[in-house]
Amino acid sequence: MFDAHSDQDWKAWFADNGARLRLIARQWTRSDADADDVLQEAFVRFWKHQRHLPGNPNALIVTSIRRSAMDLHRRTDRRTVREKAVAADADTAMWFEPEADPRLQSLAQSLPLLPEEQREVVVLKIWGDLTFDEIGEQMKISPNTAASRWRYAMEALKKFINARTHE
Amino acid sequence: MNDELPDFEAELRALRPKAPRGHVTAAIARELDAHAASKAKRGRIIAWASGLASAAAVMLGVFFVAQRDELGPIRYELVSAEQAPANLDLLAPVELADGSYARPVRLRWNNTTHWADVKKGTHLIDYRPAEQLALIPLETY
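Chains as they are written, first to last, in my numbering: chain A, 1 to 167; chain B, 168 to 308.
Check the hints yourself; a few may be wrong.
[Claimed, not checked] Cβ pair distances, simulated, as ranges:
no., chain 1, residue 1, chain 2, residue 2, range
1, B, Gly266, A, Lys11, 17 to 27 Å
2, B, Asn277, A, Arg75, 42 to 52 Å
3, A, Thr145, B, Pro296, 54 to 64 Å
4, B, Val261, A, Asn56, 27 to 37 Å
5, B, Pro304, A, Arg75, 14 to 24 Å
6, B, Ala248, A, Lys11, 41 to 51 Å
7, B, Thr279, A, Asp9, 23 to 33 Å
8, A, Met94, B, Gly266, 27 to 37 Å
These aren't lab readings, by the way, just hints derived from the structure by calculation.
Computed from a prediction, not measured in an experiment: that's the story for all the values here.
Ideal Cβ placement from N, Cα and C applies to all residues, glycine included.
Isolated chain A, as found in the complex (with noise of 0.2 Å):
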């Protein structure tokens, strides 16, 4: 499902992979559009130029997210009266489909509200298919730390999901 070495068409790999690499670039933007435009430049560069490059091209395109997500960043800093506005939207934005079971649902709703280093393990692991062993690499950060981030988010998520299951 993940193999992009091969000379397959780019419109069926997106078609497969589209939806997790957009949620990838979610986590590290303040807006849809913003994810939409960085999801647009990391995959073209992607595919024109790395995929053909040895190694996981699962950790491939999440370097060229995660820059192109940066890049984003720099740019859009200094536009501050326009982070006021996008901030509002990452307040509100789903990420997901809606779901029927509730306690999908609330799950969905709560992977945003968690600590942006622990919800970076989370997305990275379950929707980038890396190991925490290239979680580290991207994140910069050692294995067991990536590994005992992603069991806080999980202690966070069950709590969230409890308070709303007695809400």
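Got chain A sorted already, so can you dock chain B onto it with the hints?
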């Protein structure tokens, strides 16, 4: 807590992230299709250059045959075949039709092949300058 982690992970995997909006796919298609067209064009240029080299080789062969017919039994023997180190010219970056950037590079070198018929004291030196142009894609940020 640890016992619950695998189930929690499975629930996370069950969530469905929102797909990219349609205009994203359309924008990617524009960029990648233009890129593919540009690559195909570069391929045609290389094929055209190869064709020229083949034509030159044929003309050289005809020249040799004509020489042999006119001068009789000349027996050339290969003395040396050398390829000088290539000079590399890095040219200014250019913007391609698809909006991406590339740096043209020009390689120039000389191929020199020397034949001689020692008995007749004749020499044939084929001095052939060669040039190749290529584009190196540049990443822009």
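We went through each hint and held it up to the structure:
For glycine 266 of chain B and lysine 11 of chain A, the hinted distance range of 17 to 27 Å is satisfied, since their beta carbons lie about 20 Å from each other. About 48 Å separates the C-beta atoms of asparagine 277 of chain B and arginine 75 of chain A, a value consistent with the hinted range of 42 to 52 Å. Judged by the Cβ atoms, the range 54 to 64 Å given for threonine 145 of chain A and proline 296 of chain B holds: they are separated by roughly 60 Å. One distance hint, 27 to 37 Å for the beta-carbon pair valine 261 of chain B and asparagine 56 of chain A, holds here, with the actual separation near 34 Å.
With their beta carbons about 23 Å apart, proline 304 of chain B and arginine 75 of chain A fall inside the hinted range of 14 to 24 Å. Range check, alanine 248 of chain B to lysine 11 of chain A: about 49 Å between beta-carbon atoms, so the 41 to 51 Å window is met. Between threonine 279 of chain B and aspartate 9 of chain A, the C-beta spacing of about 47 Å breaks the proposed range 23 to 33 Å. A C-beta distance of roughly 33 Å is found between methionine 94 of chain A and glycine 266 of chain B, which places it inside the suggested range of 27 to 37 Å.
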